[in-house]
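S.K.: Each chain sits in its own coordinate frame; assemble them with the hints.
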Amino acid sequence: MFHYRLRHRARTGTLFANYNLWLLTFVVVTLIVLWFMPIWTQSIITRLGATRVSEPEVKFIFFVLFFLGGLATTAKSEAVLPAYLVGLVVAGVFLRDKTLVHRVRSIAFAMFTPFYFIKAGLYVSLAALWPALTIVGSLLLLKMLTKIVGVWPLARLHCMHRREATYTTLLMATGLTFGTISALFGFQNRIIDQRQYTILVTVVILSAFVPTLFAQKFFQPTKDAMHAWGRRYRQRLGVLSVEDSEEVNRHVGNDYSGLR
Amino acid sequence: MLNHIWVGFDASSIIFQNVWFVAAIWMALALIASLISIRVGVSVALIEIFVGVVAGNFLHLTASNEWINFLALLGSGVLTFLAGAEIDPVSLKTNWRASVLIGSLSFALPFTVVWLFAQFVFGWSLHQAQIAGIALFHNVGGCGLRGHDRRRFQ
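In order, the protein sequences belong to chains A and B.
For what it's worth, my numbering labels the leading residue of the first sequence as 63, then goes sequentially.
For what it's worth, my numbering labels the leading residue of the second sequence as 395, then goes sequentially.
Bound conformation, chain B alone (with noise of 0.2 Å):
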């Protein structure tokens, strides 16, 4: 009965399994990062996984929740749609021939030596080794990304 009523008066148990105590989470969390990239004038995004290296690291936050994963899955669809549709449809068209050839060469220069340097220097697995070629090569979209929306991204 005891131990009954003690439950019952667990604070953190009451907390991370509802729903609205989660979210409240999270979008404190959002929202100190974005009352620090104001302040500091970086790019929210940065300061986002910033929050979320101290929360995973000191807080011991997890992403248990089914719905968390989610949103963070639209999180990453919905930016890419934004990142694509960020270039200037005008100055591609203009300068399309820089834009892939300086997007081709920047694409496959750093991607082959990291790929190969992970994969020989460090000994990771031929997957891991293009996983990592893969995640460091990436830029946003060239030459034709208006510059005043590019800082959002980075």
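This is chain A alone, in the form it adopts within the complex (with noise of 0.2 Å):
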């Protein structure tokens, strides 16, 4: 029994230091994926760019998310956690080259993500919905008076005016994918119940619906209004850049011309 107990908790032991080893795997290679992956990514758009046909740009996209999501889910994380990573380091890259993001969306929004949406849906049931419309509504309450106390004054402390900071909190406020992806993982680890996979799900719809309305119908603010408020950030912080000295100058000289 007791050479038992011994060997049970060596293979224990064993498993848990095999997972830690994998953790230890997944952190050090994505933390060197993600210091490349511009590089690379630029790189390859660059270099192979005139042979487009066979798309490598976007292969080896896909093919740095599914290999981080084998070893996310290797070492018991989840694939979704590098795929951001790894989105947030290709931004800049995204932002110059247009092509690359409308194939990878067009890919994505035709093919992939309607099966995601369209399930997260499936597991919705209207009958357990309608005994808990209390809940729903107190927890969509309750998420929305947070968000307005935790992100309203913040916007308002910096240099944000009032219709800003008001469609900066309701956007804030809303969260349909991870809400989702939170929902579904829930569900399908067997964490929560298909009632309370109901109650989450309608409520991140909701929230995603209502805050969204309200701050395109009301508070929706100016380009000019968002620059400006850069501006005003920025000065506060004395980091002015090119453009806002050009900007200063050119509304100085303006100044100057009305007053000549």
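Since the hints were made in silico from the structure, they are not lab data.
Be careful, since some hints might not be right.
What the hints assert, rightly or not - Each computed EDC-like pair below joins lysine to aspartate or glutamate, with the alpha-carbon atoms no more than 20 Å apart:
| id | chain 1 | residue 1 | chain 2 | residue 2 |
| --- | --- | --- | --- | --- |
| 1 | A | 160 | B | 460 |
| 2 | A | 160 | A | 117 |
| 3 | A | 285 | B | 482 |
| 4 | A | 121 | A | 159 |
M.R.: This is the structure:
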């Protein structure tokens, strides 16, 4: 019996040690990939741009996503974590290369995401929703209130006018993608049941729909207003960019021409 | 024999066992969602969830095939990647203090309050309440996200 326990403990220890090793491998490989990803992506676009018909850059991005996803799930993490970080580091390349963005988007929105969102909707049970409407209402209210308390004063503190602060707060109260991913994760791993999944997804849907509607209908700031906020904020930090100085000079020039 | 012939003509079993027909049904639902989204001007993701709710509750569609789950899995991964890629790096670098502070507080407060509320008011278990907190605190990416692209993901 003692030997069995010892052997069981040793086996469990090896199991956890393996996971720790996988976790370490995942973290190290992810960090290396994240560091080099913008250079690699840019280099593939520049060098192989002429042979676009084989789409090497799109395949490269999918390869990295799938590989890191494999490492993440082996390390008992989630594949969406490295996916978000990879997206974050290649954002600059995506900003410059609009063709690449359109290609990845076309593939994603035509072939992958409909399956994800329709599947997320399939598990919502209308029969379970009606008796839980009070819970849905209170969770929605709670989410909105906490977002307002957490974001609005900070937005005001960071030089935003009331309109832009309200717009920012309302948009920060949304979160369809990650909300449904979290709820689906909980449901598929049997942490929450279908009733709880239905409640959470309904709140996520409502919190994506209602604040966005209000934000765009009543508080949509103009592009100039947001640029002006950026300038005000940078001015306060004392980090005016070249564009800002040119803008300021132009305004000063205009003011002087007005005086003349 | 008759039974065999009858089974041979059972349209629903033929349709739901043929991978092409199943793919066609799912693509038809996605197409309907796109058309509605264009017509009413609401995010296609939201309409796709609604279409899923209708298909699940009234047409009794299920995601029983392995390949549907695989495509859905890729969907969530690529969607997350695109959400990260939509962050404007210049704007994020310039306004990183505001982004980090607003982002952190917009995470911490709803997460904690929803978690505690679900656990102590609704009586959900610890992990269930934590899932509720995580599902309801999220937003796409904070202040650095380009406004015109946000609508697609919200």
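S.K.: So, for every hint listed, does it hold in this structure?
M.R.: Comparing the hints with the structure gives:
With a C-alpha separation of about 34 Å, the suggested pair residue 160 (chain A) and residue 460 (chain B) falls outside the 20 Å cut-off, and the hint is violated. For the suggested pair residue 160 (chain A) and residue 117 (chain A), the alpha carbons sit about 14 Å apart, so the restraint of at most 20 Å is met. The hinted pair formed by residue 285 (chain A) and residue 482 (chain B) meets the criterion: a straight-line CA distance of about 15 Å does not exceed 20 Å. Using a Cα cut-off of 20 Å, the hinted pair residue 121 (chain A) and residue 159 (chain A) holds, with the two alpha carbons roughly 16 Å apart.
Violated hints amount to a single one, hint 1; each of the other numbered hints is respected by the structure.
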